[in-house]
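S.K.: Spelled out, the chains give:
There are 2 protein chains.
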Amino acid sequence: MKFIHTADWHLGKLVHGIYMTAEQREVLLQFVQLVKEEKPDAIVIAGDLYDRSVPPTEAVELLDEILFKINVELKTPIIAISGNHDSAERLSFGSSWYKHSQFHLKGKLTKDFTPVKIKGVNFHLVPYAEPGIVRQLLNDERIVSHHDAMKAVVERIQEEMDPNELHVFVGHAFVLGGKTTDSERTLSVGGSGCVGAEVFECFHYTALGHLHSPDAIKHDTIKYSGSLLKYSFSEAKQRKCVCIVELDENGKVSIGERSLTPSKDMREIEGYIDDLVDPSFYTDQQINDYLKITLYDEGALMDPINKLRQIYPNVLHLERKIDRIDSRQKDEMEVRQQEKKSELELFEEFYQDMTTLPYSEEKKKIIASVMEKAKKVVESK
Amino acid sequence: MKFIHTADWHLGKLVHGIYMTAEQREVLLQFVQLVKEEKPDAIVIAGDLYDRSVPPTEAVELLDEILFKINVELKTPIIAISGNHDSAERLSFGSSWYKHSQFHLKGKLTKDFTPVKIKGVNFHLVPYAEPGIVRQLLNDERIVSHHDAMKAVVERIQEEMDPNELHVFVGHAFVLGGKTTDSERTLSVGGSGCVGAEVFECFHYTALGHLHSPDAIKHDTIKYSGSLLKYSFSEAKQRKCVCIVELDENGKVSIGERSLTPSKDMREIEGYIDDLVDPSFYTDQQINDYLKITLYDEGALMDPINKLRQIYPNVLHLERKIDRIDSRQKDEMEVRQQEKKSELELFEEFYQDMTTLPYSEEKKKIIASVMEKAKKVVESK
Numbered sequence: 001m002k003f004i005h006t007a008d009w010h011l012g013k014l015v016h017g018i019y020m021t022a023e024q025r026e027v028l029l030q031f032v033q034l035v036k037e038e039k040p041d042a043i044v045i046a047g048d049l050y051d052r053s054v055p056p057t058e059a060v061e062l063l064d065e066i067l068f069k070i071n072v073e074l075k076t077p078i079i080a081i082s083g084n085h086d087s088a089e090r091l092s093f094g095s096s097w098y099k100h101s102q103f104h105l106k107g108k109l110t111k112d113f114t115p116v117k118i119k120g121v122n123f124h125l126v127p128y129a130e131p132g133i134v135r136q137l138l139n140d141e142r143i144v145s146h147h148d149a150m151k152a153v154v155e156r157i158q159e160e161m162d163p164n165e166l167h168v169f170v171g172h173a174f175v176l177g178g179k180t181t182d183s184e185r186t187l188s189v190g191g192s193g194c195v196g197a198e199v200f201e202c203f204h205y206t207a208l209g210h211l212h213s214p215d216a217i218k219h220d221t222i223k224y225s226g227s228l229l230k231y232s233f234s235e236a237k238q239r240k241c242v243c244i245v246e247l248d249e250n251g252k253v254s255i256g257e258r259s260l261t262p263s264k265d266m267r268e269i270e271g272y273i274d275d276l277v278d279p280s281f282y283t284d285q286q287i288n289d290y291l292k293i294t295l296y297d298e299g300a301l302m303d304p305i306n307k308l309r310q311i312y313p314n315v316l317h318l319e320r321k322i323d324r325i326d327s328r329q330k331d332e333m334e335v336r337q338q339e340k341k342s343e344l345e346l347f348e349e350f351y352q353d354m355t356t357l358p359y360s361e362e363k364k365k366i367i368a369s370v371m372e373k374a375k376k377v378v379e380s381k
Numbered sequence: 001m002k003f004i005h006t007a008d009w010h011l012g013k014l015v016h017g018i019y020m021t022a023e024q025r026e027v028l029l030q031f032v033q034l035v036k037e038e039k040p041d042a043i044v045i046a047g048d049l050y051d052r053s054v055p056p057t058e059a060v061e062l063l064d065e066i067l068f069k070i071n072v073e074l075k076t077p078i079i080a081i082s083g084n085h086d087s088a089e090r091l092s093f094g095s096s097w098y099k100h101s102q103f104h105l106k107g108k109l110t111k112d113f114t115p116v117k118i119k120g121v122n123f124h125l126v127p128y129a130e131p132g133i134v135r136q137l138l139n140d141e142r143i144v145s146h147h148d149a150m151k152a153v154v155e156r157i158q159e160e161m162d163p164n165e166l167h168v169f170v171g172h173a174f175v176l177g178g179k180t181t182d183s184e185r186t187l188s189v190g191g192s193g194c195v196g197a198e199v200f201e202c203f204h205y206t207a208l209g210h211l212h213s214p215d216a217i218k219h220d221t222i223k224y225s226g227s228l229l230k231y232s233f234s235e236a237k238q239r240k241c242v243c244i245v246e247l248d249e250n251g252k253v254s255i256g257e258r259s260l261t262p263s264k265d266m267r268e269i270e271g272y273i274d275d276l277v278d279p280s281f282y283t284d285q286q287i288n289d290y291l292k293i294t295l296y297d298e299g300a301l302m303d304p305i306n307k308l309r310q311i312y313p314n315v316l317h318l319e320r321k322i323d324r325i326d327s328r329q330k331d332e333m334e335v336r337q338q339e340k341k342s343e344l345e346l347f348e349e350f351y352q353d354m355t356t357l358p359y360s361e362e363k364k365k366i367i368a369s370v371m372e373k374a375k376k377v378v379e380s381k
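Residue numbers (the UniProt record's numbering), protein chains in the order written: chain E, 1 to 381; chain W, 1 to 381.
Derived by calculation from the structure, the hints in this document are not laboratory data. All clues stand as given, with none of them false.
Identical copies go unnamed one by one, so any copy, or any two together, can satisfy a pair.
With a straight-line Cα cutoff of 27 Å, these simulated BS3-like cross-link-like pairs (lysine-lysine) come out:
no., residue 1, residue 2
1, K75, K117
2, K39, K99
3, K36, K75
4, K111, K69
5, K69, K117
6, K252, K39
Based on the sequences and whatever the hints tell you, model everything.
M.R.: Shown next as structure tokens:
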């Protein structure tokens, strides 16, 4: 049995106000090509197909297009569950029909724990569910945390499980040992959001979604494939890949990885603005990448983002590298000084920050007369 | 060929703040029963399956449940198109898979005008589309109105049409001759929103959705099935049904109707409040119906809606029967008189409107002293 494990496609994702749909389509077409080459027995998508419960229509059309290519055109069975970003109910629509062509989509956790059997391997589909939902579903008041919920679900699965057969768990959860990044929704810390890895001991392989790095957990049989793309600058240094999982008849697992590469990477660069816009620097760079730029410069800069975007059109985020505590102290001092300054002095500073022109005596006279007039208007009211 | 023509289910509809999902489910289960009895060769749903592009999840689950029962459990082919209330893209998701089991869902108008063939009959599926979309799709600048658009689409269909075969058109449009009601979105009047019935001459039967009354158009072969339920008080007197259409091999059509009945009807009643809450009146009534009540009473009434709801729990709308022009004139006169009245006189009127207790001299003294105190407080500020 060979299957490809992927997760966290987050179709319809907005990153710093930019829809990632074009990059998602690009990488998913590479994925379709990979399926064509690898000819796996199944594809496993471990949740978060969409980025939100009501995704934009472009995302809906993209998912339809890609799954159709894989499932119907390439006749490859698909196993998919919903994640915390998906709407279980909306994703479930039509799933009864998809089974005809071996597209097994489980949107909502139900009491039916029958696995999907492909080539003798049992795939146990467990979509994301809040502990409260599992508590109600299994009518077990002791379920409080995500760990309790997952443990109870696995116990139900085990009741019907033939230990002589092969078993793969497909789930969407924060399994202990993982490292989080910004682009995953903040989970409650202190244990209640986490699931202990020992829960999955009875499975030959556990295909997880939720954490975006393929290195989020180090384990021989429990694995996150990681997300389809980098969805946050905190993921800038992560590898992005899908896992090629081979399971022999004795239950021995071997995991390979294949990376998918969008034409625009997501990266961070830093330096002085003059260096960054210098051809000697940027000629080596993939200037179209999505960038977070950190500037070393101190003091005011004239519209730095537009200056940078003339070279790097896809700057998504700009930061200044100033030690935070120092800058806060400096700010406070400046405020105190400004309180003592006259409006004319403040304007002079503002003018010099904003322009490169000399602040002449003539200009000073003009602004002084404007200020005087304005004050009179205010006082007369 | 026998098929059932229905349309305008509007799943997820809110009427005066009440979700109609329970009634929709009730009537759709009757519909499933009807399909079981009639054993038609197909079901035709002529648009507006949902009430809006992002329907509530209960509506999504209901549609999934009902279509599964009809298509998979009862093995009945389904032909469905999107209406102006549906999201073409969202509804389309998965439609490629549904074809396996003869569920033909056309969400988006495309250049592919190939009909769906069932038992030798060609069904031409034309989902709702704005003229601008059709203009772009067919690359024909002359298309301005809905009539132009529909005419052009039908011409394309005719190009490929074998006149020796049987043809059924399935569309969602405002075909001339129809009467509108409140619950259909207001269409531009003056012709541009309408489509002339002559456009559909080449079809043996035209199954329409959009207008909510089965009597919206009088024609031998062009028919609106009407909506699943009454969705507005303007539809209170309309019949609600589905059409059983039989098409013989010579193209002769016979149309029967079968009504579906929710346990709560939508009706209007009127009278004096004392009569309406009198057992001699309401014992004959289906008191649980959704009601619009028009009261004949003049003058102020103490909380009439709650008084009525103690008998009729589902009053959705309350009106007072006062001739509008008269009441406006009366209002103006009252305002003029009130301007001349003292606060004490106004309070006396208010007290008498709001209570049934006598307005004693003692009460008058109390309120006079309260008013005096209040005035002093205001003046001292």
